[in-house]
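Number of protein chains: 2
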Amino acid sequence: MPLAFEQVMSPLEGETEIAHHTNAGNNGGNDDQIGYKSRVTVVGSGSWGSVAAKLVASNTLKISSFHDDVKMWVFEETLQSGEKLTDAINRTNENVKYLPGIKLGKNVIADPDIDNAVKDANMLVFVTPHQFIDDICKSLVGKVRSDAEAISLIKGMEVKIEGPCLLSSCISEQLGINCSVLMGANLANEIAEEKFSEATVGYRDNREMAEQWVQLFSTPYFMVTPVQDVEGVELCGTLKNVVAIAAGFVDGLDMGNNTKAAIIRLGLREMRDFSKLLFSSVEDSTFYESCGVADVITTCFGGRNRKVAEAFAKNGGKRSFDELEAEMLQGQKLQGVSTAREVYEVLRHRGWLESFPLFATVHEICIGHLPPSAIVKYSKRKSTLPLSEDSAH
Amino acid sequence: MPLAFEQVMSPLEGETEIAHHTNAGNNGGNDDQIGYKSRVTVVGSGSWGSVAAKLVASNTLKISSFHDDVKMWVFEETLQSGEKLTDAINRTNENVKYLPGIKLGKNVIADPDIDNAVKDANMLVFVTPHQFIDDICKSLVGKVRSDAEAISLIKGMEVKIEGPCLLSSCISEQLGINCSVLMGANLANEIAEEKFSEATVGYRDNREMAEQWVQLFSTPYFMVTPVQDVEGVELCGTLKNVVAIAAGFVDGLDMGNNTKAAIIRLGLREMRDFSKLLFSSVEDSTFYESCGVADVITTCFGGRNRKVAEAFAKNGGKRSFDELEAEMLQGQKLQGVSTAREVYEVLRHRGWLESFPLFATVHEICIGHLPPSAIVKYSKRKSTLPLSEDSAH
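Chain order of the listed sequences is S and E. Each step along the first sequence adds one to the number in numbering that gives the first Met the number 0, with nothing skipped, and position 290 is 289. Each step along the second sequence adds one to the number in numbering that gives the first Met the number 0, with nothing skipped, and position 318 is 317.
Just so you know, these hints were derived from the structure itself, not from any lab. Please note that a few of the clues may not be correct.
Derived pair list, reagent style DSS-like, types lysine-lysine, alpha-carbon separation capped at 30 Å [unchecked claim]: (1) S:376 / E:105; (2) E:118 / S:306; (3) E:61 / S:376; (4) E:142 / S:102; (5) S:159 / S:96; (6) S:105 / E:376; (7) E:376 / S:61; (8) E:142 / S:313; (9) S:102 / E:376; (10) S:105 / S:83; (11) E:102 / S:376; (12) E:142 / E:96; (13) E:118 / S:313; (14) S:306 / E:306; (15) S:332 / S:313; (16) E:83 / E:118.
Let's have the full structure, built from the sequences with the hints guiding it.
Structure (structure tokens):
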């Protein structure tokens with residue numbers, strides 16, 4: 000598949016800067032392609048979306064194959080001051096509401112009009128809350144360039160009985176464009192402060208395009224590795240939340256370090272085996288990447304799924320997740336609890352409950368059918384996988 | 000290789016109990032082998048050795064193919080009370096010095112005479128501090144049964160320029176018997192309290208013998224999985240300490256969750272790649288087991304290597320490890336620091352330094368050639384492995 004570059008038809012704001020940076024020698028070896036520049040739009044502007052725009056914008060300035068400007072679609076809000084959020088972002092170069100104190104770069108241009116934001120872009124970065132992406136895609140049908148490529152940074156998906164609704168597939172099918180994913184141990188505020196972290200790009204078959212995404216996101220403090228396994232990488236970002244619920248139970252019951260490490264390991268194994276059963280293309284090695292073991296560790300030691308599950312277990316399951324969420328999360332819902340329910344339905348539907356004792360037990364504890372202590376009693380059951388021999392222990 | 004059972008030649012103390020337990024139906028399906036009973040001796044009696052004896056002794060009582068009694072060789076000491084340690088253990092069924100408050104089982108028999116302790120055993124469990132095992136083996140030459148099988152629970156080995164001195168090989172070669180290993184996320188005091196944990200048995204080629212070891216150690220709170228990869232399993236138990244030093248640096252510099260997860264992941268990858276380069280038989284999947292990812296997590300969130308490395312980084316490397324060890328560990332030495340030095344020598348000798356940036360950087364920080372912050376700056380360098388293509392990223 001050929002790379003999608005846009006021919007620059009007219010001199011544009013920032014062109015002088017490109018030339019400057021190109022002369023500085025950071026042109027990534029794309030001299031032969033000067034004159035064709037990729038245009039990037041970030042769809043979404045929460046804390047992670049804003050950090051993504053910051054990462055991308057630092058690279059488009061440096062690498063001559065990218066147009067300097069990065070558009071960022073912002074769901075418009077009016078701030079308490081009366082100023083529009085987009086105006087505030089464009090005036091201060093900060094997302095004053097969702098990532099205050101962090102300069103995004105002068106070349107990040109906030110745009111409240113999504114159609115306008117995407118229309119010229121050939122590289123689309125999707126980073127909205129997962130429950131909005133379906134409607135956003137519907138609204139964009141016919142409005143994106145036919146040669147555009149997408150990447151989804153959105154963690155969390157609905158797991159239906161017939162299988163998980165990969166957001167990358169949802170984006171790809173609705174917009175008729177290819178979609179990769181970027182996942183990893185990526186707490187947004189830490190990357191905003193330029194603390195070192197890693198991420199994994201999962202791609203389907205276009206290695207050259209994957210390298211473009213890697214180039215677009217990589218910085219000295221953000222190390223990106225490409226993996227040809229879009230399903231495996233994307234599933235990690237959703238299933239890890241079920242493991243975090245289990246880890247929270249262990250914390251709440253004060254079971255100690257051995258037990259927590261064992262539960263994390265068993266959870267990582269079920270993530271791998273579940274993914275491989277659903278998609279035979281999923282690779283074992285994906286779970287060694289940042290999207291796998293590293294994100295599971297981060298989520299099982301920090302994060303709200305772990306925290307609320309800990310409180311749930313401390314209360315012996317007497318207060319429901321709904322109640323604890325309301326009290327601890329100011330109206331946010333835990334993804335791990337709903338994902339555990341959805342995964343359970345898949346397991347039941349396919350007759351796989353026996354093969355995934357940790358996943359099944361998390362759900363049964365969440366709904367009060369088992370006490371929190373069951374996380375250890377049942378998760379350790381030895382299981383035989385139903386289909387694929389090579390992933391069974 | 001046939002299983003090694005001892006024919007019971009004469010009525011022995013405890014035989015009535017065997018019959019009782021056998022009649023209780025927990026004989027593991029070994030009715031046909033009654034009359035041939037394996038005898039187990041535990042060589043070592045620190046906290047982990049005592050816990051091992053407790054695990055084993057609970058099973059020898061229940062499974063008819065084992066003789067009830069478990070001998071435990073104890074390095075004799077005189078307690079403050081004037082009583083000998085072995086007498087105290089045999090009187091109270093507790094290791095009053097190294098695991099007080101935990102009943103080992105009445106069938107654990109402490110013996111200060113190592114030759115006497117091992118002479119009848121056909122299953123030998125080695126669980127001493129790693130620096131003593133060589134002398135112990137030398138003293139036992141010609142004194143163990145020729146049909147005996149050994150297992151090593153000892154973590155830590157010397158890594159010489161010509162390669163790691165696997166303790167299982169050292170035991171095997173000196174005593175002329177086969178030796179498996181048992182490793183995992185196993186903080187002794189938590190297992191003593193019967194909190195759930197897992198372990199991995201690494202064996203060379205005798206699956207039937209591995210199943211015997213699994214049977215001997217498994218309890219409802221201790222889940223043991225066999226893996227045909229003795230080198231991979233044993234190397235995990237040593238190399239994890241280098242990763243723990245790196246994790247401690249990250250903690251001391253307050254670098255956050257993403258960075259710590261990334262460093263743990265990079266460390267696990269170097270453990271795997273280093274092991275595979277040294278022993279082509281090592282399997283990727285071993286690092287998903289308890290001995291791999293789970294033990295690395297436990298060691299990087301608890302444990303003394305992490306703790307002292309954190310203090311080292313907090314002091315900006317201004318106080319040496321020797322000084323901090325003396326202050327924080329009451330004379331104990333950190334294994335991670337010496338293993339990092341030994342691994343560095345191997346890497347330099349073989350020209351592999353570029354391929355293992357995390358391992359190399361840990362050592363260079365420990366000796367003061369680099370500041371603690373280098374753990375991030377250098378560990379993330381992309382590397383190409385020198386020999387084995389399939390383990391390279």
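Results of checking the hints against the structure:
At roughly 27 Å between alpha-carbon atoms, residue 376 (chain S) and residue 105 (chain E) fall within 30 Å of each other, so this suggested pair holds. For a cut-off of 30 Å, the pair hint linking residue 118 (chain E) to residue 306 (chain S) is broken: about 53 Å separates their Cα positions. Of the pairs offered as hints, the one joining residue 61 (chain E) and residue 376 (chain S) holds, with about 21 Å between alpha carbons and a cut-off of 30 Å not exceeded. Taken as a hint, the residue 142 (chain E) and residue 102 (chain S) pair is broken in the structure, with Cα atoms around 72 Å apart against an allowance of 30 Å.
Pair hint residue 159 (chain S) plus residue 96 (chain S) does not hold up; C-alpha atoms about 34 Å apart against a cutoff of 30 Å. At roughly 27 Å between alpha-carbon atoms, residue 105 (chain S) and residue 376 (chain E) fall within 30 Å of each other, so this suggested pair holds. Taking the CA atoms of residue 376 (chain E) and residue 61 (chain S), the gap is near 21 Å; set against the 30 Å cutoff, the hint holds. About 53 Å separates the Cα atoms of residue 142 (chain E) and residue 313 (chain S), which puts this hinted pair outside 30 Å; it is violated.
Distance hint between residue 102 (chain S) and residue 376 (chain E) is fulfilled; the C-alpha atoms sit about 23 Å from each other, no more than 30 Å. At roughly 18 Å between alpha-carbon atoms, residue 105 (chain S) and residue 83 (chain S) fall within 30 Å of each other, so this suggested pair holds. In summary, the hint linking residue 102 (chain E) to residue 376 (chain S) is supported, as the alpha carbons are separated by about 23 Å, within the 30 Å threshold. Restraint check for residue 142 (chain E) and residue 96 (chain E): the C-alpha separation of about 28 Å stays at or below 30 Å, so the hint holds.
Between residue 118 (chain E) and residue 313 (chain S) the alpha-carbon distance is near 50 Å, which puts this suggested pair outside the 30 Å criterion. As the CA atoms of residue 306 (chain S) and residue 306 (chain E) are separated by approximately 24 Å, the hinted pair is consistent with the 30 Å bound. Annotation: proposed proximity of residue 332 (chain S) to residue 313 (chain S) holds, straight-line Cα distance about 19 Å (limit 30 Å). The suggested pairing of residue 83 (chain E) with residue 118 (chain E) holds, with an alpha-carbon distance near 22 Å, which does not exceed 30 Å.
Hints 2, 4, 5, 8, 13, counting from the list given before, are not met by this structure.
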